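Peer 1: Sequence:
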Amino acid sequence: MQGKNVYRFILPFLYRWCGLVLATWVSILVPTLVYGAQSIEDGPAIESSYIRYFHEQHDSELSYADALENIKTQGQHSQSDILNFGLGSAPVWISFELHNAKATALRYLQIENSWLDKISVFFLHQGQLVQQTETGDSLPYDAQRSNRFFSFPHEFMQGATTVLIRIESDDPQVLPLFLYTPQEFTDRQVESGYTYGIIYGFLIALLIYNALLFFSLKSRRYLYYSFYLTSFIFLNAAYTGHGYQWLWSDWPQVQNTIIPVLMIMFALSGLVFASMFLALPSRFPRLDKSFNIFSFVLAVCLILFLLLDNLLCLLYTAFIGVVPFAVLMIIAGSVACFQGVKEAPYFLGAAVFAVISAVITAFTVSGLVEYNSLGFHAVEYGILLEAVLFALALAYQFRISQDEKVLAQRLADRDQLTGLYNRRGFNKLMKPIFSNAIRNNRNLCLMILDIDYFKKINDEHGHAHGDIVLLDLARALSKELRAGDLVARWGGEEFLLLLPETKHAEAIAIAERLVTTFSNHEVTTNQHTTQYTVSIGISELKRGNANFSDLLGSADHYLYQAKENGRNRVCYRVD
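Residue numbers in the sequence shown follow the working numbering, run continuously in steps of one, and reach 564 at the last position.
No lab work stands behind these hints, which were simulated from the structure alone.
Just so you know, these numbers come straight off a predicted model, no measurement behind them.
One thing to keep in mind: the hints can contain errors.
Mimicking DMTMM-like on lysine to aspartate or glutamate, the simulated pairs with C-alpha atoms at most 20 Å apart in a straight line are [as the list claims (entries may be wrong)]:
| # | residue 1 | residue 2 |
| --- | --- | --- |
| 1 | K444 | E490 |
| 2 | K492 | E511 |
| 3 | K445 | D461 |
| 4 | K444 | D456 |
| 5 | K468 | E483 |
| 6 | K445 | E553 |
| 7 | K468 | D439 |
| 8 | K445 | D456 |
| 9 | K445 | E483 |
| 10 | K107 | D55 |
| 11 | K531 | E490 |
Turn these sequences into a full structure, and let the hints guide you.
Peer 2: This is the structure we're talking about:
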């Protein structure tokens, strides 16, 4: 009896509990079971499991009622999260249901794609058409949308609403579908605005910087890089919708072809910049020829298909051309690295980031790989990294060219054999020293030193041995003279020594020491031992020789006297 009472108490409780659980699950599943619909509270992405689509024949445009019937009988479920029908697809009808369990609510249905030619959107509630919108980039911008994407605000009534969309476009039919609340819609626009503000601000600043470098330095590499950056900025503005929104809003015919045109221009400008930056014509002429052939083919296809008004062929050219463009850029960077071009690693790193990201975006947009947001925006991230690396590469190349220029100037000022200053270098350094001595009435002396019988040394032992004697003398002079003194090979076996802050008597003492040093000096090679002497003429800066040519002439006069008086001696003015 007690067991029966327990059952009588427990069983009703279990029935009620199971009923409550079942009712809860039914309340959750009913919208799906009854309507096959996604709740407007879910999202913001429209889930692919609710979407069915049907491809229309090219020769007939269906009414929305016929399209609905065809979707019911022939419609297919999406196999990917984001619909992507690729290039040149037939017009497609898309259908899905959205369920609103509450009172009427405003939502924004958005197709986050900016280049679709024709879009027709139908909202049906309980089988009745309640809203229809026609849009697409075949219409002027102001007449058809409120932002760069295709947005459709709709007041969703309680219950199920069927959304039917027809898309017709030769461009890649990439269809990311989202349903936003008003706040989410506003936040999306603000976030997008700040993001692209940073991207465009950075790229435009870099563009202006390189343009200014071109105008100031007259180096064409900065001009070609500016063209390359400009083509990408316009290409990005075109495929993100900013170009149609801001620049060519009233020209839908421009919007219809601008993306493939700019893709080809981006590739062409990149090839030209690479050829200039890596100096392909002089370093790698065969590779440069490949660049020229591919560029010519791209340019011919661009002009031909524009003249024929064949958008589909133009699109295929642009998307297929991305692959050889990427391959050529990476090959050029790799070959240059292998050959030891100093700036090539920067170029290769930049090219890898840019072209691989461009290929990923092109493949994502064209439907060759499954759509995802990262793939769609890959080229933007890649180009930002590329811009930084190319800026570093150009700066490094500029530093190399400046170092080479400084080295060339230094070499131009130096005697190739002895390493001492030549006439050019001496004159450049002498002028401020001489001017300071005159202006401040400072002491200054000049010596001309000549190797005695140097022609005989050359005749007896050869010019190679004579060069060794000259080099030995130059080293000895550099060691004997003071830090502030200036020594140069004036020509042949003549050397000039400029002695600032030096009185006449001090200069004579220095000259006598040099004559003594060299009279006891021998130069020994494998074949010969040579002892040589020097003769020196000295002049002092006076009011009567207040220009350098007079000072030089006076020193040369006393050198001639030293030669006449038997050589191996110093001659100078005697007061």
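Peer 1: Which numbered hints does this structure break?
Peer 2: 1 and 2
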